[in-house]
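Student: Residues per chain, in single letters:
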Amino acid sequence: MTPLVRGGRALAALAAFLAFTSVQRQHGQGTHIIVDVAVAAAVFVLGVVHWLVTRWAFDGETLHVETGLLRRDTKKVPVARIQAVDVVQPLVAKFLDVAELKIRVAGSGKEERLAYLHHDRALALRASLLAAHHGLDPATPEPPERPIATVPGGRLAWSVALTGSTAFLIAILIGLGVVFTVSEKAGFALVTAAFVYLLGLVTGVWRRFNSQYGFTIAQAPDGIRVRRGLLGSVAETIPVRRVQAIRQIEPVLWRPLGWRHLQVDLAGVGKRDAAGGSGSVTKTLLPVGAPEVVAAVRAMVVDDRGVVLTAPPARSRWKAPLSYHNLAAGHDRDVVVAVTGRLRRVTCWVPLEKVQSVRRVQGPLQRALRVATVHVDVAGRRVDASFKDRDVDEADRLVDELATLSRAARSRTIPGATTAP
Amino acid sequence: MSDEPTAPSTVRGAYGAMTTGDPAAWSRPSQKLWRMRMVELAIVGGVAAIVAVIAAASGHAVALAVSMACVVAVVALLVAFTRRRYRAWGYLEREEDLLVRRGVLIQRLSVVPYGRMQLVEVTAGVMERLFGLSTVKLHTAAARSDARIPGLEPDEAARLRDRLAALGEAKAAGL
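Chains A and B are the protein sequences, given in the same order.
Its first residue numbered 5, the first sequence is counted upward by one per residue in my numbering.
Its first residue numbered 20, the second sequence is counted upward by one per residue in my numbering.
Just chain A, with the same shape it has in the complex (with noise of 0.2 Å):
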């Protein structure tokens, strides 16, 4: 299975290569079809060889994965060091009912693949990784889930619709359809000169529908399952114990109609995270949802019922005109909320067993104000939550305050100094 699957991708890109170049050139396209077919036939056969070493096996507590022709390249991942198993059917795959093992381990840089077994085996495969990891017996069933949310495909499609990227792309078009009209040369030299970038923009809103298709929300007992996907499907797990942040951005051209977006930052090494940090991976826990449905499934993560969001002072007003409007902040013993942004308006919840360190900024300006910002920092590098431009009395409190709390919350999630795998 694993060759044709392998070469599919290679495949497509190829004849679109071929499209493109073919509207381009006018001459001499038999020698280069001769040299695509080439590759494209080179790429099979290495995904041929490819597929004839590698092996596999699972005897309950290591996961053995075997690759490589010239250099044996030996995978065994421990159970006990697993930290996510995602089960994911590229366009091609689905084709032919295999699907790829996606695995999270504890400590490595990228994610462990299994590639291309039959789509049962997979996701029995999954199922008793998961169990013998919770130290259960391999052949107990998966537990069932509770599905939670469901994003139906036309609020999505609208949801792309109404984005920045999307209104720069009708934008440009309808300019292009302008240029076309006055001249046809320069309409033509310019979709030419402009080809890769319209072509990027195109790519990224057609990745972001299809990646968020049909987006479902379960709960199990160890995370939140999420299904997605349109031509490639994806099921992937969110262990809750491991959210760092989570962040609802309302962008301004949902707010009329009350939609909402949330993500997740978990802890992980991130893309090349160079300088300092663990890093975090960013994953959309909710494309697209009205207030109930983002509530409740926030409620999976987050509890924030205790938390009253207080306002900075008015002075601080000088500081940021624009977005004290909507900035409040506020914590209560286990997790720390924060609101910021004018137009694109975006609240973080931080869970304070995750707070890394606390820090006191304050400019110039700030100190005119007597005010300063309290920041609270997260593993990886998106933006913290922070309680902006408070009085400094207040921000001293809160420097005392955080750093407690926080060592409290972790002493009550960590009963004993261990650390984790």
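If you are wondering where the hints come from, they were derived from the structure by calculation, not from laboratory data.
Derived SDA-like pairs (lysine to any residue); straight-line CA-CA distance at most 25 Å:
1) B/Lys-190 to A/Asp-338
2) B/Lys-51 to B/Glu-172
3) A/Lys-323 to B/Val-123
4) B/Lys-190 to A/Ala-110
5) B/Lys-190 to A/Ala-84
6) A/Lys-323 to B/Ile-125
7) B/Lys-156 to B/Leu-186
8) B/Lys-156 to B/Trp-108
9) A/Lys-114 to A/Ala-128
10) A/Lys-80 to A/Arg-125
11) A/Lys-323 to B/Arg-127
12) B/Lys-190 to A/Asp-404
13) A/Lys-114 to B/Leu-138
Take the given structure of chain A and dock chain B to it, following the hints.
Tutor: Just chain B now, kept in the frame of chain A:
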């Protein structure tokens, strides 16, 4: 570490100790750091003066005087600013966390719990090595944790590093 007075437990108290100049509370980088910064400024000022002389050599004596005066003024401002910046750097080891304070225009205070320290880095650039100093940097899982203390003497840097590493391991918490 045994007979030090208890560090102030609140940020207010810690800041108060800083302004009253209570020596027992905040620790500072070494005096040699100030000398190192002066040497750096002298080098920069010298280069700027030479450039100014060369640039104004073709013109009148007035142009030369004006450019030299500019260089002198800028260097003087830099000296004053660097002095304030050097005085503003401090660190305070508390029971559960480390406070690091720095900055003149933008004043920053970082509170890093020992249990969250993932990496304690001791580095020394060229100038620092010449003066026998080093910088201690703390890394947590957050990329924005920016606690660093430059200009520490070797034994102080080693003491800090070992203490932080030991405390970090003892109070470690998972992600």
